[in-house]
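Protein chains in written order, with this note's numbering: chain A, 1 to 111; chain B, 112 to 225.
Simulated from the structure, these hints should not be mistaken for laboratory data.
Think of the CB as a built atom: it goes at the ideal place given N, C-alpha and C, for glycine as much as any other residue.
Treat the hints with caution; some may be incorrect.
Said to hold, decoys possible - Result set (DSSO-like, lysine-lysine): computed pairs, CA atoms no more than 27 angstroms apart in a straight line:
(1) A:Lys68 with B:Lys155
(2) A:Lys54 with B:Lys173
(3) B:Lys173 with B:Lys155
(4) A:Lys68 with A:Lys54
(5) B:Lys182 with B:Lys155
(6) B:Lys182 with B:Lys138
Claimed, not checked - Examples of chain B residues lying across from chain A (beta carbon under 8 angstroms, computed):
(7) Gly153
(8) Leu154
(9) Phe156
(10) Ile166
(11) Asp167
(12) Phe176
(13) Ser177
(14) Ser206
(15) Thr213
(16) Tyr215
(17) Phe216
(18) Gly219
Letter by letter, the chains look like this.
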Amino acid sequence: KNEVEQSPQNLTAQEGEFITINCSYSVGISALHWLQQHPGGGIVSLFMLSSGKKKHGRLIATINIQEKHSSLHITASHPRDSAVYICAVSRANFGNEKLTFGTGTRLTIIP
Amino acid sequence: NAGVMQNPRHLVRRRGQEARLRCSPMKGHSHVYWYRQLPEEGLKFMVYLQKENIIDESGMPKERFSAEFPKEGPSILRIQQVVRGDSAAYFCASSPQQGGETQYFGPGTRLLVL
């Protein structure tokens with residue numbers, strides 16, 4: 001079983017819909033990261049969080065440490081949000097914060 | 112402040128050749144991580160380096176792969192005698208010295224082994 005599981009694997013939605021992507025992990029972590037990988041392949045870090053909730057524009061990330069679960073929400077989705085969204089966890093070990101990744105959620109927003 | 116830079120962006124090698132991938136971290140960053148993304152697979156950790164030191168190479172194949180981060184210059188991921196299975200996207204990411212910070216990813220190097 002992977003240490004980081006994401007669902008769904010693929011998600012297609014109409015423009016304007018509210019999007020939720022889920023991430024569960026099975027290990028103790030120091031932080032959880034949400035990343036976005038564009039069709040061209042570049043990776044952008046969206047959020048790094050260890051508790052509570054963070055918001056940036058139309059994106060919201062939440063984490064429940066007790067349940068080992070995080071969600072990424074996109075409000076008023078737009079075709080430019082189409083990308084692969086990747087959940088990753090880090091377990092700080094003397095400064096080593098290597099990431100363990102989920103397999104990603106491929107999001108397609110249809111105009 | 113330039114972002115993380117990687118070069119080349121695309122690299123084609125024939126089986127048995129060597130591949131050298133370079134990563135220049137963001138200014139002020141002294142931690143470098145290399146990750147590999149095989150076709151249709153997720154990202155996997157390879158190696159973590161600080162200046163002049165390999166801290167964790169647990170994700171790197173024991174043979175043919177090596178990494179360095181010299182005092183001056185970029186971090187280098189070196190693959191000797193490449194095989195078709197090495198074809199992948201290789202990303203590096205950097206973070207500041209104090210740790211506990213977001214990792215910033217480079218654009219990746221797409222390696223194709225013919």
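Going through the hints against the structure:
Taken as a hint, the A:Lys68 and B:Lys155 pair is honoured in the structure, with Cα atoms around 21 angstroms apart against an allowance of 27 angstroms. For the suggested pair A:Lys54 and B:Lys173, the alpha carbons sit about 39 angstroms apart, so the restraint of at most 27 angstroms is broken. For the hint linking B:Lys173 to B:Lys155, the alpha-carbon distance of about 15 angstroms falls within 27 angstroms, and the restraint holds. As the CA atoms of A:Lys68 and A:Lys54 are separated by approximately 17 angstroms, the hinted pair is consistent with the 27 angstroms bound.
For the proposed pair B:Lys182 and B:Lys155, the alpha carbon gap of about 26 angstroms is at most 27 angstroms, so the pair holds. A hinted pair counts as satisfied when its Cα atoms are at most 27 angstroms apart, and B:Lys182 with B:Lys138 qualifies at roughly 14 angstroms. A distance limit of 8 angstroms between C-beta atoms decides the matter here; for B:Gly153 the minimum to chain A is near 4 angstroms, and the interface restraint holds. Contact between B:Leu154 and chain A, as hinted, is supported at the beta carbon level, the nearest pair being about 4 angstroms apart and thus within 8 angstroms.
Interface restraint check: B:Phe156 against chain A, minimum CB-CB distance 5 angstroms, threshold 8 angstroms, status holds. Proximity of B:Ile166 to chain A holds as hinted, the smallest CB-CB distance being about 6 angstroms (cut-off 8 angstroms). A least Cβ separation of about 5 angstroms between B:Asp167 and chain A falls short of the 8 angstroms threshold, and the interface hint therefore holds. Using the Cβ-Cβ criterion of 8 angstroms, the hint placing B:Phe176 at the interface with chain A is not satisfied: the shortest such distance is roughly 16 angstroms.
A least Cβ separation of about 18 angstroms between B:Ser177 and chain A goes past the 8 angstroms threshold, and the interface hint is therefore violated. A cut of 8 angstroms between beta carbons decides the hint on B:Ser206: the least distance to chain A is about 7 angstroms, and the hint holds. The closest approach between the C-beta of B:Thr213 and any C-beta of chain A is roughly 5 angstroms, which is under the 8 angstroms cut-off, so the hint is satisfied. A cut of 8 angstroms between beta carbons decides the hint on B:Tyr215: the least distance to chain A is about 7 angstroms, and the hint holds.
With a cut of 8 angstroms, the hint placing B:Phe216 at the interface with chain A holds, because the nearest CB-to-CB distance is about 4 angstroms. Interface hint status for B:Gly219: upheld, as the beta-carbon distance to the closest one in chain A is roughly 6 angstroms, under 8 angstroms.
Comparing the model with each numbered hint stated earlier shows that hints 2, 12 and 13 do not hold.
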